[in-house]
Every structure is written in C-alpha cells, then in structure tokens.
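Engineer: If you want the building blocks of each chain, they are given just below.
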Amino acid sequence: MRITVKLYALLGRYLPPGSKDNQTELEVDDGTTPAAVMRRLALPPEQCHLVLINGLYVPPGERDRQALADGDALAIWPPVAGG
Amino acid sequence: MSWTRTILRVDLTNGTCAPEPLNMGWAMKYLGQRGLATKYFVEETDPKVDPLSPDNKMIMATGPLTGTCASTAGRYSVITKGALTGAIACSNSGGFFGNEMKNAGYDMIIFEGRAPNPVYLLIQNDDARLLDASEFWGKSVWDTEEGIKAKHQDPLIRVASIGVSGEKGCKFACVVNDMHRAAGRSGVGTVMGSKNLKAVAIRGTLGVAVDDAPRFLAAADAGKKVLADNAVTGQGLPTFGTQVLMNVINETGALPTRNSREVQFDGAKDISAEAMAEKRVSDGKANLITNAACFACTIACGRVSAIERTHYTVAERPQYQVASGGLEYEAAWALGAATGVNDLDALTFANFICNEQGMDPISLGATVGAAMELFESGAIGTAETGGIELRFGSAEALTQVTELVGLGEGFGVDVGLGSKRLCEKYGNPDLSMTVKGQEFPAYDPRGIQGMGLTYATANRGACHLRSYTVASEILGVPEKTDPLTTDGKAALVKAFQDATAAVDSSGLCVFTTFAWTLDDIAPQIDAACEGSWSTDTLLEVGERIWTLERQYNLDAGFTGKDDSLPKRLLKDAAKTGPAKGLVNGLDKMLPEYYQLRGWTADGVPTNETLQRVAL
Ligand code: SF4
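So the protein lines, in turn, are chains A and B. Number 61 in our numbering belongs to position 58 of the first sequence; there are no gaps in the numbering. Number 77 in our numbering belongs to position 75 of the second sequence; there are no gaps in the numbering.
None of these hints come from the bench; they were simulated from the model. Backbone N, C-alpha and C fix where the C-beta goes; we use that ideal spot for every residue, glycine too. Mixed in with the good hints there might be a few duds.
[Stated by the list, open to error] Pairs of lysine-lysine residues, derived as DSSO-like cross-links and limited to a Cα-Cα distance of at most 30 Å, are as follows:
id : chain 1 : residue 1 : chain 2 : residue 2
1  : B       : K271      : B       : K569
2  : B       : K287      : A       : K23
3  : B       : K582      : A       : K23
4  : B       : K271      : A       : K23
5  : A       : K23       : B       : K577
6  : B       : K577      : B       : K271
7  : A       : K23       : B       : K281
[What the hints assert, rightly or not] Some chain B residues near chain A, calculated using beta-carbon distances under 10 Å:
id : residue
8  : Q237
9  : D272
10 : A275
11 : G579
The shape of chain A in the complex, shown without the other chains (with noise of 0.2 Å):
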C-alpha cells in the first residue's frame, strides 16, 4: 500500500532528495505502523515528538501499535511551538 509522510522542521531533512513540500509517496507493507516508518527513515526518535495520522494525534505508546492504512498521511514533528 501507499501512504503519504510528511516531515516537518528539522526533520526534513530525513526526506528523500527531491522530495517537494515536505513530504514523499511510500510504498510499505499492509499494517506498517508510524514506529516503522520511522526506522525505515532512520529519524532520531527523539526528535519525533509530534506525531499525526490523517491529522489525529498519535500519543508515544501507541507508535509502535497503530496500523497505517492505504492512503493515510503520517505527518512528523520535532518538538516546536508557535504562538
């Protein structure tokens, strides 16, 4: 299946070269979950600190359990903050 990650801040440099906008199609196994994907991109974990599925917040225990699904975008954060 195919889904969408987004890399945000520092982490976009972890992207493929060429990648535009922040983000790169993946072609990953069925039930891949965000944990994976990480490895797979080699991101320090450390500096995965904001973690969403099509937008919805994915808390830390849950990254190595939630399945992605076909079509789905991971988008990945260090830690930032706005105001």
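Dock chain B with the ligand against chain A, hints included.
Structural biologist: Using the frame of chain A, we list chain B with the ligand on its own:
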C-alpha cells in the same frame, strides 16, 4: 527593588510631566506591567469613557523584572480602553524599549488628556519633556524613529511610535517600538493617536537594581539553562520561529481559512516556516535571513526577512528591498490563510507595511478576509473598494488594501474600521469573525475546542495569548489533551488565563512558558523583588488580575452575552480534516467555566469571589 518605585505622569492637555511614587501596596497585589497598570487604570478612569476621548488614559508599563538580566526581561505593555473593542486593552511588546524605560527610572508612564497639537515625549533619565512633533506627524513609524534619533543625535534612544494609520483613526493601530516590535492588539495605537501623541523616545542609563543580587543571578542562570536545554525554546523557536505552526495547525484541521469558511488552506505549505527557509530558484536566496532576539532574550524567536528584488511589491521601490521584520505565525495566517493568499513575498510586504504604518496584522488580515467575503457575496463591489477586485487569493488586492489602510485613504478607511464595524456597515454582521469586537487569531475553535472558550472569555476580545491552550491541545505542553473534545477545557482555560496574567505582569515573555512553569519564574521574581513571591502567590495574583479586568468590562457595559463566538463557529461544521462535522461546543464549556471562576450563571463574579481574590 526591582521596581524603580517611580511613575511618570504626563498631562498632555497641559503639557506637564511629573514623577510620583509608585503605590507599593498595589505592587504587592498586582506585581507590575499588565496587573499593576490595570489597577491604576481602573482606579483612575470611568469605565464608560469613550476610548478616544481625552478622559481615557493610556499607560505604558514595565514589569519588575524588565531591564534585569533574566531571560526575555525586556517587555512592556500598553494598557488603556481599547479603541477597537471598548474593553480593557493590554498589549505587550518586546524589543528594547521596555528596558530603556526601566533604565530611565520609571516603572510606568501614565498619559492623560489630549495635546492641543502633535507632540512626542522625550525622556533622558529624570529629564522628561513634551516636544513639538509637527515635523513627524504624517510620517511612518520607520521615519519617525530614524528622525527622532537623528534630531537628538543619539542612535541609542529607543522609540515607540504610531504610524499614519494611528493618526488617521484606524481602529486597530498599534504602538511600534524598535522598528518592528509592536504592542499590537485592540487599537492601543489608535488611542495614542487620539491623544496627539506621536512617539515616546527614551534614553535611560540609571541601571536596574535587584533585591538579592547573588540569589537573583543564580535563579536567572538556572532559568536560562532550562530554556537552553528545552528542545522548543533551545532549538525549535530560534530556528523556525512561531511560523513552524503553519503546517501543524493546517494538518490538524484548525487553520481558519478564507474568513473561516474552511479550516484547511491548500496554500499553507507556501507560506510556512519551511517555505521561508527554502532557497528560491531565481536568486538562490531564502525569504528568511536570520533570527533575532529582544532585550536579554536567550530564545531569539524573531524573524528577519527580505523580499525577492524582482517581486512586484518592491521591484520599483528600493526602500523596501531591505532586511526587516519577517512573518510570525499570526501575521502569516491573517495576511495569508484568512485571505486565501499564498504569495509569501506579498505577505512579507504586507507585514512590512503593518510595521511601517503601525497596524495589527491579525486584525488587518482578518478584516481583509471579511471584506473579501463581502465582495464575493456581492454585499460590496468595486464602487466601494475603489476599483479593487477584492477576491480571495488575490495578492495584489491584499497589498493594495494594506497600503490604503496604512495611509487611511480610499477603501482603507472602511477596512480600518475592523471586521465588526465593516460587516455591520455593509449589512452582514455575521461575517465578522470577532469576539467583543476583536478579530480572532490563527486557531479555529472547531478544530481546537479549548480555543473557543479562550476567545469567548478573553477580557481584551478574542485573543490567543490570554490562554494558549494550543500548547496542551496540539503541542502537548505541559501535557497532551484532545483538541476535539470539550471535556476538561474549562479548567484548562482558567489555569492558562491565571498563569499568563502573572507572567504578563512580570516583565518576561510568555514564550518562556513553553519550557518554564511558574516554578521556574517565581524564584527569579522572589530574588529580584522585595516581598515573598511563590508559585502560589503568582497564581493568586493572576486570578486577581483576571477578575479585575472582568469587573472593569462588566462596568463598561459588557455582559455574559458577550462571551460568545461568531455564529459560523457555532453552527457551520468544519468541512474537512479531523474536526470534520464539528462545531465549537462553547455551550458545554462556558457554564462550567463560570462555576470554576466563582461567577454567577450570567458571568458576574460573586461577592465571595471578589473577597477571595481580595478585590
Ligand atoms: S521569545 Fe521571541 S518574542 Fe519573546 S522575548 Fe525572545 S525574541 Fe522576543
């Protein structure tokens, strides 16, 4: 200490400046800045006063830590009755002006009356004088600031001034210091303009004393270490600024778009922090040049940007081909998503104009968004706009209107009324995305439920900085809550409101609270100031300030009915994203909030509550 214990009272009508002792009894109850100045303001003015009458007063106030070496300790606030809202107004600014005021020996400056002719106040320590400002009237903030420094041959003078918009009565004019730092919201610059006060220029060299210097230095150092070690304040904010939120809030489906008709903006990626940092194909340079810090700040979230030289906004105008104050998240949202414009350089230009002519970019962008909806729905046409095709997504329309508002000309006069008055004037009050007359900022309360209660109850009108529940609901600071539920939000909002009121009264920047709790702040205040300042004391002070502001608004004529939201947020469900199908559940949160505050079902503090908070 660390108050200077001196106030400067400036009678603009009679042209006099006189120092007087600070009421230390009040300082012990209201700390400084927002709290203490509000106490003075409430005691000295009639709550029914017309904001633009000479009887309204305007106070510039520092906090006890302003001017010390605590991180971010350079803040000051402008307190008055807001021209935009008719409610209590308190707008906070960074830069270097607050530090200079404290170093000149003043905790606050109270302006009263109205000068017969335009004046500016010049302070050099204990020498304070009102001077003729006719040569600066009609000039921009930028020209005024440079002109005053040149005239007095002192580049170290710090200036806070209004632009042409504030002179011409734009309802959301702000006070800008250090070229691009602003006391931005509620029309405090409009009040300053109504007093014929063009600028306040200060050079202060007296130093700021603290109570227990060794203990204070240790506490300030410990605080700085916490900020440096925290990933948000040590890395995230300096590198990407507040603008990093653009993609976060869009992804979570809470980015108010095209006057809140939608909650996600397809152009968010083009106007985000990531876009600002990306090198352009044409000239190999990025919009963002560097970050910048306010006085004593070890975070440095500020943005310095330049527009591509061939961009239509600056190609023929070399004066704007400069590095200047860049987009913060709120400005980028208002000028961009609220208007549907995704041209980063056009937004940067509009932001430059907001700084140059002293306008609040949140209110400006949100009002342009409302005007675009009025235009597209046929309520106004080119006859009203002076020929401008005011359609969502038009960068040219946005920048044209922004310049007109800045100069108070043409259709800019209408937009300068703010969204509430504009939409009322053209028969569509429901198209105004405001609470208590103030445009709400960059978080849609359908996607972040707690922000609905935040906007509805904010004492200065819709505002994110009064209780930034986004920190908890989206970012997980101090702990993660679900943005899509109303459960627990009443208590969350109250806690944020009280803590923030204390921080806003200290002289520190509220952005420290991404890393600091009051437990980090209290020891710094306690060491710097006389008296005993614990976390509990600060929370008590915060609740007292909140209640004082509430009471003022009630006396001014507001009621619980004004604790509401635009119909669109309560009736029209979000169309996309995680909040799809949801409206804001204000009716579920508000009664619980009143109860937690000790207010009646109509939102009035009970006598027991007033006694409990020692009002
Ligand atoms: S955190 Fe940002 S706004 Fe706050 S004092 Fe520092 S630079 Fe200024």
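Engineer: The structure should be examined with respect to each hint, and the outcome stated for every one.
Structural biologist: To see whether the hints hold, each was checked on the structure:
| no. | hint | in the structure |
| --- | --- | --- |
| 1 | B/K271 with B/K569 | holds (29 Å) |
| 2 | B/K287 with A/K23 | holds (17 Å) |
| 3 | B/K582 with A/K23 | holds (27 Å) |
| 4 | B/K271 with A/K23 | holds (10 Å) |
| 5 | A/K23 with B/K577 | holds (26 Å) |
| 6 | B/K577 with B/K271 | holds (20 Å) |
| 7 | A/K23 with B/K281 | holds (13 Å) |
| 8 | Q237 | holds (7 Å) |
| 9 | D272 | holds (8 Å) |
| 10 | A275 | holds (7 Å) |
| 11 | G579 | holds (5 Å) |
Going down the numbered hints, you'll see the structure goes against none, and every one checks out.
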